[in-house]
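**Student:** Note that the protein sequences, when read in sequence, are chains A and B.
So the first sequence is residues 257 to 533, counted in this note's numbering.
So the second sequence is residues 2 to 194, counted in this note's numbering.
FYI, nobody ran anything at the bench for these hints, they're computed from the structure.
Some clues are possibly wrong.
Derived coverage of chain B by chain A (criterion: at least 3 residues anywhere in the stretch with Cβ under 8 Å from a Cβ of chain A; other residues may be distant) [stated by the list, open to error]:
(1) 42 to 55
(2) 165 to 174
If you anchor each label on the Cβ, the simulated ranges turn out as follows [stated by the list, open to error]:
(3) A:I265 <-> B:L62: 41 to 47 Å
(4) B:P158 <-> A:T418: 41 to 47 Å
(5) A:S413 <-> B:K58: 38 to 44 Å
(6) B:P158 <-> A:A286: 21 to 27 Å
(7) B:L159 <-> A:A300: 26 to 32 Å
(8) A:A296 <-> B:E131: 28 to 34 Å
(9) B:R179 <-> A:A440: 35 to 41 Å
(10) A:S493 <-> B:P110: 25 to 31 Å
(11) B:L159 <-> A:E457: 45 to 51 Å
(12) A:Q290 <-> B:G160: 21 to 27 Å
(13) A:P327 <-> B:R63: 35 to 41 Å
(14) B:G160 <-> A:A286: 18 to 24 Å
(15) A:A300 <-> B:E115: 21 to 27 Å
Every residue, glycine too, gets a C-beta built ideally from N, C-alpha and C.
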Amino acid sequence: MPSEPRIPIEPTLEELSAYLDHELDDDARARVAQHVAGCADCQARLDGLRETAFAIRALPMETPPRTFTIPAKRRETFRWAPVAGWIGGLAAAMLIIVVSVQHLPFSPAGMSTAAPAQPVSGGLGQGGVPYAQGAPYREVAPLGQSTQNDSSLGAFSSNSKTVAGAKGSSSSLTISTDSASYPASGVITLHVTTKGLSSAEASSVRIFVMRDGQGGYAVRLVPPSNAPAYPFDYQASYSIPQMQLPAPVAGKYSLQVTIDTSDHSGLVAWLPLTITH
Amino acid sequence: MDDRDLVGRARRGDPEAFTQLMMQYQVPLYNMALRMVGRPDDAADIAQEAFTRAWQKIRTLRDAPFKSWLFQIGANLCYDHFRRGKRYGEMPDEETNKVVGLGIATPDPQERAEASERNRLVRQSIEALEPDMRLAIILRDVNGMAYDEIAGVLRVPLGTVKSRIARARAQVQEHLQRYPDFFPSTREDAHAE
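In isolation and in its complexed conformation, chain A is listed as follows (with noise of 0.2 Å):
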């Protein structure tokens, strides 16, 4: 127990976690914050949890050590899926409607404020805007004369990673940068190469720079404008100024690759770098 009397009550464990994570309401905050402020001990128990989440939270994002493909068989039977949905809609609304009639006043208003109610899963037209292609991102070229299809290049070692293909393929993407961190002033220079695709079966490379925990892309890397054909071999630097990246600019990023196959599946490779002040 606190020894000042006039401090508030020891906040509990929960409240303490809590509170590291800015999860308690205005007045709970208030009241740990100005404990703690006074209580050592409590200093020393919210020390220990905040440098415990750090020790977690320093734990690397791994990438996926396959590509992940979703099955066909939806694809077959999803064209009836809406029919049936809509007729068991229809039916339900239908019921709803006949029983409205056998044990409510006849009033056609009733009637038709009763069916709308019903939900009709997979109704054609409803939700989901179409999906916009423009681009919600900034897009940012390659700085001066990118090289590709280069035999001599090599993936740098010092920041790589290479996935493979969906199971029974052999195809793989490979990605690595000069460095892991960057300064906000830097430039990053990129190798990417692909491995067992022919443009038959792959579209276009997509790069991103995402910034870590916020979702969404924030900048997309475009590649070289004499355009790859596969083998995708290239090698690229972007200006990180360039990229206009949100403040504060220093943090956690992860540059991720993909490209899109004709299965579905799609090849992503995903490498974290840190930008620095």
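Got chain A; can you put chain B on it based on the hints?
**Tutor:** Frame of chain A; chain B shown alone:
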């Protein structure tokens, strides 16, 4: 891009839209499973199965956020993994997996070895937690989810989330304190709250 748009398209059978969702969530979902079950192959199997089920059942998804729903499927598969009698698997050395320790370049072999050892101890302490607490702390400290988001994944009240995270942190701390050098007196960490 908005998950709702992609979910809407995926519900209508658009595999490209679902692939976009899959690409967006594959790393966090895989890492949740990895920290739950330990072995990369098992985690990849769980993530694959979660995506397969999500694709097949996406028409049943109504107002719930896709992310919570997907992680709920993944979490259930992790529990199934242990129900089938499988044990927590050993994670191979990060060195062989080409992961940069702490997300920061550490070219010095000694620094890398130290970072790798710290991570091994943290993994060990997470493994020692019972699954409910392990999942809660993974969703918070590995996946960075807010408490209400975690409550949605676990389908438990907010107070339960708060309690599980707190108790899990206390147990992990107790485990790590057995190693006197683990918590340095001062530190600079980019993961500030």
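**Student:** Hint by hint, work out which the structure violates, then give me just those numbers in ascending order.
**Tutor:** 13
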